[in-house]
Amino acid sequence: MGWPIAIRLWKIFLLAFTVLACLYLVFPTFVILPLSFSSSLYLSFPPPGWSTQWYVALWNSPTYSVAFLHSIFIGLPAAAIAVVFGTMLALALVRGKVWGTRGLTALAIAPFLLPQIILAIGLYSILAKFGLTATYVGVIAGHAVVATPLVFITVSAALRSYDSTFEMAAMTLGANGWKSFWFVTFPMIRLGVLAGGIFAFSFSFDEIIIALFLTNTQTTTLPKQLYSELRYNMTPTIAAASSVIIAISLLLLTAVALIEKRSRKRIAAAGAGAKA
Amino acid sequence: MRKRKIWTPGRGYLYLLIPPGIFLALLFIWPLGTVVYQALFQPSFGVANFATILASTTHIRVLLFTFELAGEVTLICLLVAYPVAYVMSRAGDNMLHVALALVLIPFWTSVVIRTYAWAALFQRRGLVNDLLIQMGIVDEPVKFIYNNTGVLIGMVQILLPFMILPLLNAMRRMDMTLIRAAAILGANPVRVFVHVYLPLSMPGVTAGVLLVFISAVGFYVTPAVLGGPRQMMIAVLIEQYVTRTLNWPLASALATILLVATTVLYLVYERATRRLGGALSMGQG
Amino acid sequence: MNKEITGREATAGSQRRRGARVVYDGVTKQYGNLYALHPTSLEIESGEFFSIIGPSGSGKTTLLGVTAGFIPPTDGQILVDGRDLVGIPPFQRNIGMVFQNYSLFPHMTVAQNIGFPLRMRKLGRAEADERIKRMLGVVRLGGMADRYPAQLSGGQQQRVALARAAVYDPVLLLMDEPLSALDKNLREEMQREIKAFQQALGATVIYVTHDQYEASSMSHRIAIMNGGRVAQIGSPRELYENPRNRFVASFLGEANLFEVRRHEPAPGNRTLVETGQGFRIQAAGSPPPGKGFVLCVRPERISVGEAKSGAANQLTGTVSDVVYSSGTAHYRIRVAPDMEINQKIQAGSMARQFEIGETVHLTWDESDSQLIAEE
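Line by line, the protein sequences are chains A, B and C. If you want my numbering, it's the 1-based position in the first sequence plus 268. For the second sequence, counting from 1, position 66 maps to 62 in my numbering; every step adds exactly one. If you want my numbering, it's the 1-based position in the third sequence plus 236.
Same shape as in the complex, but just chain A (with noise of 0.2 angstroms):
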């Protein structure tokens, strides 16, 4: 066999199994939208007929509304609190010239990296001892903490997009520290500010591990209640719930796609400046 069909034959086998990867990858998360139109109570395939009784069902349960309105509670916040810190560090790590930047990127990064169980449980311990635990504070500070990382990367990523000669010329111009951030990096960053708002306020939306440890009954989030449902009473209003909350991510995704893609074509802008 000469090389020429080998190859072709290798780039089809290839190409094959990607299409089958990808298809592993979102098969799982596309199964669960027939699922919740299933008219059946217990999930089997084909379902017997179709029906929306378990949106009604979850648009009428008391538990699912309460726990989507402490998700949204709970993810705006932690995004806020992880926009503005995560924001500083990027500019503090990527614009100053600081000693030991090397470590402190990769101290930036570790709350998202490491095992969320550990942190979570140290959490715990804390607000126990402070009588904290049955309120928000823990789970907000705890999702702020380990969504910071994603803020940190999408803003350093944007800081690097382009030269500091721009601030340099507004200080050049008469733009102190502030009026150069606020009039010049700002308006050039603030798609990836925006874009690392989005990631942080959706991990917060689907976190599991320490809403589980730093949630009670009052204060359950989304994730945690399917959790609850998942191990101990499986009906297909889950896969409802599941769907309204993969539609939502999608919407997140979405947005995020077209900022990236509105960034794109600013930076491309700002770049043809120096070539023309």
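No wet-lab data here; the hints were simulated from the structure. Think of the CB as a built atom: it goes at the ideal place given N, C-alpha and C, for glycine as much as any other residue. There's no promise every hint is true.
Covered stretches of chain C (in silico footprint by chain A; criterion: 3 or more residues with CB under 8 angstroms from a CB of chain A, positions within the stretch not fixed) [stated by the list, open to error]:
id, region
1, 309 to 318
2, 394 to 404
Chain A is nowhere near these chain C residues, computed Cβ spacing over 12 angstroms in every case [said to hold, decoys possible]:
id, residue
3, 261
4, 330
5, 331
6, 360
7, 551
Take the given structure of chain A and dock chains B and C to it, following the hints.
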């Protein structure tokens, strides 16, 4: 010459480190420190907790199983992700966006939901078994989950994006002229791959492997739902000690072991990704 | 082009500021044991167009960075009209700077870019608008006020950068290789524009470039830097005709350098030099003081001919290469196994052209044999 207080550029940025620094110290370092402290100081100072863990075969089995399973997951992820990332890296822009979407969608779906989906599919009365029985392929439900296979299938699907993204990143940055040069110099495609492409992709491979392994070791939801009693992992054990037996010292000791192991791996990851710009090699798109 | 920029247009309505007088006194920059800038002292006159040239790593960018305020010097003072800038942050120095990549804020229009420094100085809306309009007129971009930088060509962006740096009447303008991103023809046109711009404004300009021809065509004086030190300062002509050392001689233009093996004084204030290749060459004047020296002859001072003449300095050689470039013929003539001489002549002024392989005779006047110190 008299020295005056000189304004240095970049000094303002140093001050920017303080608020997040305090934040991280309070809500990250302190909790981690507490865990280690509890492991070492409760009920009394000493390594008694660690001794208890290492003396019991159950504990050791859990520890070994966790690392073993994480290793298997990592290996499978690598073998699946490498070709996929390769194809994606050579795809045109449109195809790339579609593929990225497919990779990111599960990434953005909660672990709980994805685990639920596998459970719904592979339960005794799940979709796959229903289908198989209806089609007459088997008479009784096949046991897909509550065993190693189930957990593997679930975890690989969840962690695959963590392997694909760093690989994709490294592959897209690869200088293709090196490949062409090797080809012109007389190397057939297999040799080009083995001698040029593979070595060049190593930074991405290392990043992905460590990322997936570190995540896999700390997994909780998927092994808990899709695994049987023999598939207990560290995180599940820790949770049981905390919520059921209220054995904080032991839980902390286990958590400390996990912490030390993942920290060491993380430092290795840091050094390995130096060429790709440090821990930021995971960057999206 | 010069006619369209007048002093009146540029400064009407604001009091004309004379350019600053800048004095560097012992300015040093050390990184550990490495000197990026050895103690440097020089004086720049008010309204002067002063260029700094040199190879990479020569310290010219460091000197500019110290002047702008981005690099804190290890020692020394920088006096602008008598006021020491060291320790003052860039945004309080009131100097203008034009960057290599223009650094126009992409999210602001041309007018907003130019108006930015005025906004920082809290200038009233009406007056700011008027100044912006005037500046746009000076750089001849009147209709572009609402365009974004991405919509402009490179040359236009550079003009906006100039306008922005000058709109608040700084007494000192710094330029960091502003034209290196442009193609050749555009560069030459912009050189004329910048020069006219500076003359209209009356500001002092410190211009860093790696292109010596650019520096020569625009500057009153040039400083050549090497290894963190200023090698020589002078007008373009002075530097070329009286290089102080070997580096300056070979950096500017082309130079034929002969190593000196032996030398002895000759009558009539001359020196007889025996070169490494064994040639005996006469030079006017006496050797410079110091460690060693070389003998330098500029290519355009050498005559090439067929026959031996009776002139004092003569070499025989074979033509090894001929390059014709825009009206000038460049010859390379091998006079010794290890030495080739570069000669340059206007193509029209010679009797005939020589071919590769021909034997020719080179002559030059003894006053064109320059004795130049090694360091």
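Consistency of the hints with the structure:
Given a C-beta distance limit of less than 8 angstroms, the hint that chain A covers the region 309 to 318 of chain C is violated, as 0 residues qualify and 3 are needed. With 3 residues having a beta carbon nearer than 8 angstroms to a beta carbon of chain A, the region 394 to 404 of chain C meets the requirement of three or more and the stated coverage holds. Annotated as non-interface, residue 261/C keeps its C-beta farther than 12 angstroms from every C-beta of chain A; the closest such distance is 22 angstroms. For residue 330/C, the requirement that its beta carbon stay farther than 12 angstroms from each beta carbon of chain A is not met, with the minimum near 7 angstroms.
Non-interface call for residue 331/C relative to chain A: violated, since the shortest CB-CB distance, roughly 7 angstroms, does not exceed 12 angstroms. Every CB of chain A lies more than 12 angstroms from the CB of residue 360/C, the least distance being 16 angstroms, so the non-interface label holds. Distance check for residue 551/C against chain A: the nearest CB is about 48 angstroms away, which clears 12 angstroms, and the non-interface claim stands.
When the structure is compared with the earlier hints, violations turn up for hints 1, 4 and 5 and for no others.
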